[in-house]
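K.L.:
Can you make the complete structure from the sequences, with help from the hints?
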Amino acid sequence: MAPTTRSKASLKTILFSPAKLIRKKLRTNVKLQTNSRLFLASTTDELSCTHNVSDTCTTSEERELRDLCIEDAASYSELAEINGQEIHRLLSNCESIWTVLWRGPLARGGALTSSQRNAHKSFHENLLLKLKATNTEMMEVLWRKPRMSCRQHLDIGETRRQINNMHSITTLLFEELLKYIERCPSPVNVYGTRCNLTTRERLTEANCRLDQAKEKLRKICVRDGQRLETQFHQFIASCDALNEFLSGISPGNSLVLNMEE
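Per our numbering, the sequence shown starts with residue 58, numbered consecutively.
Note that these hints are calculated values from the structure, not bench results. Ideal Cβ placement from N, Cα and C applies to all residues, glycine included. Any given hint could be a false lead.
Claimed, not checked - Cross-link-like lysine-lysine pairs, in silico, DSS-like; alpha carbons within 30 angstroms at most:
1. 236 with 189
2. 187 with 273
3. 178 with 189
4. 276 with 236
5. 189 with 276
Stated by the list, open to error - Distance ranges between label pairs, derived from CB positions:
6. 183 with 243: 17 to 23 angstroms
7. 221 with 261: 41 to 47 angstroms
8. 194 with 242: 43 to 49 angstroms
9. 243 with 305: 56 to 62 angstroms
10. 145 with 305: 41 to 47 angstroms
11. 152 with 228: 37 to 43 angstroms
12. 187 with 254: 33 to 39 angstroms
P.N.:
Structure below.
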């Protein structure tokens with residue numbers, strides 16, 4: 058945006074306007090400064106804005122509230138994308154480890170009968186495929202930040218619907234990952250205790266690698282799961298604030314959907 062020259066009276070009005078206090082009210086831990094995140098955000102959508110490029114926001118308060126909604130949606134989606142990429146990598150590692158085991162040490166011998174071996178193999182393959190499919194579904198519905206020229210035309214109701222959908226899939230994914238971590242037996246336990254030294258070494262090595270991958274998955278579910286939950290509720294609070302503001306300006310003409318929708 059090109060610099061403009063403002064009178065002292067105009068500058069005073071901007072510095073002490075209600076819009077300047079909105080961020081402080083909703084983000085007590087954020088300094089009152091220009092939201093550089095919005096200006097530095099990537100323009101993921103390569104399509105040019107098809108709307109009228111004039112600013113449709115009627116007040117600076119509405120503009121600030123819309124910026125907060127965009128910022129929160131972007132933060133949630135970015136964290137979900139980072140987790141999705143790491144989860145895909147870890148699940149692929151687990152799948153690769155088990156594939157090698159079923160073709161090697163677990164292909165024969167051990168305490169398993171043929172039917173038990175097939176049941177274990179089917180269990181691992183199907184469960185990992187299901188987890189990867191859920192993770193892929195989450196990655197496919199990631200919310201993308203709009204271009205700068207289109208931000209003030211953003212449909213907040215549609216954005217809220219998309220973030221709600223993302224959050225439902227992410228929550229389900231983390232729940233299923235934790236179940237997998239709890240239910241997945243170690244290669245040593247699957248094979249049994251009686252085996253030669255070479256087989257034991259291969260099983261123990263695979264066991265350690267799987268434990269490391271499962272521990273990383275568990276940390277993602279616990280640590281980042283809580284962060285995503287917090288970020289989601291922060292986004293909802295921003296949407297509710299915008300909804301309340303728009304309702305006050307024009308009762309019965311809110312743009313933001315309720316949670317039930």
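K.L.:
Does each hint fit the structure? Answer for all of them.
P.N.:
Now for the hints, and whether the structure bears them out:
1. 236 with 189: holds, 14 angstroms
2. 187 with 273: This hinted pair holds, its Cα atoms lying about 19 angstroms apart.
3. 178 with 189: It holds: about 17 angstroms lies between the C-alpha atoms, which stays within 30 angstroms.
4. 276 with 236: holds, 14 angstroms
5. 189 with 276: Between residue 189 and residue 276 the Cα gap is close to 18 angstroms, so the pair holds against 30 angstroms.
6. 183 with 243: 17 to 23 angstroms: holds, 19 angstroms
7. 221 with 261: 41 to 47 angstroms: The hint (41 to 47 angstroms, Cβ to Cβ) holds, given that residue 221 and residue 261 are roughly 45 angstroms apart.
8. 194 with 242: 43 to 49 angstroms: violated, 27 angstroms
9. 243 with 305: 56 to 62 angstroms: holds, 59 angstroms
10. 145 with 305: 41 to 47 angstroms: Taking Cβ atoms as reference, residue 145 and residue 305 lie about 44 angstroms apart, which means the hint holds.
11. 152 with 228: 37 to 43 angstroms: violated, 23 angstroms
12. 187 with 254: 33 to 39 angstroms: holds, 36 angstroms
When each numbered hint is compared with the structure, violations occur for hints 8, 11.
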